[in-house]
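Please arrange chain C on chain U, whose structure you already have, making use of the hints.
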Amino acid sequence: MILEYFMIFLLVLMLILAVYVVETKDLLAAVIASGFISLVASIVYLYLQAPDVAMTEAAIGAGLTTLIFIIAIRKTERYEK
Amino acid sequence: MRKLIAIAFLLILGFFMLKIVSVFPFGEERWGVSRHYVDKGIEENRASNLVTSIVVNYRGFDTLGEVTVLFLAATALAFLLATCKCRKKYERIEASLILKTASDILYPLLILFGAYIFIHGHLTPGGGFQGGTVIASAVMLMLLSRFTFHPNHRALSTIEGLAGIIFVLIGFAGFIWGGSFLANNILPLGHWNRLFSAGVIPLIYIAIGFKVGAELSGLITDMYKVTKEEE
Numbered sequence: 000m001i002l003e004y005f006m007i008f009l010l011v012l013m014l015i016l017a018v019y020v021v022e023t024k025d026l027l028a029a030v031i032a033s034g035f036i037s038l039v040a041s042i043v044y045l046y047l048q049a050p051d052v053a054m055t056e057a058a059i060g061a062g063l064t065t066l067i068f069i070i071a072i073r074k075t076e077r078y079e080k
Numbered sequence: 000m001r002k003l004i005a006i007a008f009l010l011i012l013g014f015f016m017l018k019i020v021s022v023f024p025f026g027e028e029r030w031g032v033s034r035h036y037v038d039k040g041i042e043e044n045r046a047s048n049l050v051t052s053i054v055v056n057y058r059g060f061d062t063l064g065e066v067t068v069l070f071l072a073a074t075a076l077a078f079l080l081a082t083c084k085c086r087k088k089y090e091r092i093e094a095s096l097i098l099k100t101a102s103d104i105l106y107p108l109l110i111l112f113g114a115y116i117f118i119h120g121h122l123t124p125g126g127g128f129q130g131g132t133v134i135a136s137a138v139m140l141m142l143l144s145r146f147t148f149h150p151n152h153r154a155l156s157t158i159e160g161l162a163g164i165i166f167v168l169i170g171f172a173g174f175i176w177g178g179s180f181l182a183n184n185i186l187p188l189g190h191w192n193r194l195f196s197a198g199v200i201p202l203i204y205i206a207i208g209f210k211v212g213a214e215l216s217g218l219i220t221d222m223y224k225v226t227k228e229e230e
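Heads up: the sequence lines are chains U and C, in that order.
Note that numbering that gives the first Met the number 0 gives residue 52 to position 53 of the first sequence, counting from 1, and the numbers run on in steps of one.
Note that numbering that gives the first Met the number 0 gives residue 80 to position 81 of the second sequence, counting from 1, and the numbers run on in steps of one.
Excised from the complex, chain U in its bound form (with noise of 0.2 Å):
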């Protein structure tokens, strides 16, 4: 019961999360929010017991996806006009 809980903990903070990426204007905060996402994303499908589906999420949308991210971000601007 408790990990049920924690499980919709997570689910709400990746929501509040998902709503600062679309706001936030600082875009390197954005990308680390979103590799947070998918970090929390991939502890959720731990628990749905897709442990597969949990490495691919965090090898790629919390590793690679957001470095891609952060070499872009450093090639163009920081901020959102």
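It is worth saying that the hints were derived from the structure and are not from the lab.
We put the CB at the ideal spot given by N, CA and C, even for glycine.
Among the clues, some could well be false.
For the chain U half of the interface with chain C, some residues (derived, Cβ under 10 Å), not all of them [claimed, not checked]: (1) Leu38; (2) Ala40; (3) Val43; (4) Asp51; (5) Ala58; (6) Ile59; (7) Leu66; (8) Lys80.
This is chain C only, laid out in the frame that chain U set:
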């Protein structure tokens, strides 16, 4: 006005999502084919990881399409970066001692771990895509910490092409000797839960691991190269 339209659109989308979720209850069994995978999957393919058995064998053709999509995306990105003139100069800062030392230690370990994931794809969670991504993140770490680290682009694309060809050739071997494309009866299946088991599944996943690893490493190197020309 635009915001109102957006909100209305989202509400309609949310309504239909809710409808779909209420029609398909979460976790309920609806299709007979999933029951077949769960009951007969290990018997037919001898892969202890049922997900791998489905991804590489039952739905192997979809995986081939997935790999092709990834290839197309990497090619499109390389094309865009080659023609893009919109570059901004910036100073590269030398990586700190901590990052340098840590990446020197982690680089071989990450490569090894990635190889472990895709070689054991039919036994433990994970597989070609996950292992390849771990290898690409190892390359990424070295690119971040070392100026002198230049992956050989020609070698990467050669590995990528060869791995893709091997995947298709295994599929055709199944077509010729097994009866259908990607059929899993051309090699002895062996005993489940052993490293040498599950027929062609580990071979295909090793090929996918090499392909994804080389592809994503090349993609990241491409993104880095845009600035290297400036320096």
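Hint check results:
1. Restraint check, Leu38(U) versus chain C: the minimum CB separation of about 14 Å is more than 10 Å; hint violated.
2. Taking 10 Å as the C-beta contact cut-off toward chain C, the hint placing Ala40(U) at the interface is violated, the least distance being around 15 Å.
3. Hint status for Val43(U) relative to chain C: violated, with the closest Cβ pair at about 13 Å, above 10 Å.
4. Because the closest C-beta pair between Asp51(U) and chain C is about 5 Å apart, less than 10 Å, the hint holds.
5. The beta carbon of Ala58(U) comes within 4 Å of a beta carbon in chain C, closer than 10 Å, and the hint placing it at the interface holds.
6. For Ile59(U), the shortest C-beta to C-beta distance to chain C is roughly 5 Å, which falls under 10 Å, so the interface hint holds.
7. For Leu66(U), the interface hint holds, since its Cβ comes within 10 Å of a Cβ in chain C; the closest pair sits about 6 Å apart.
8. Residue-level restraint check for Lys80(U) is violated (minimum Cβ-Cβ distance to chain C is 15 Å; threshold 10 Å).
Comparing the model with each numbered hint stated earlier shows that hints 1, 2, 3, 8 do not hold.
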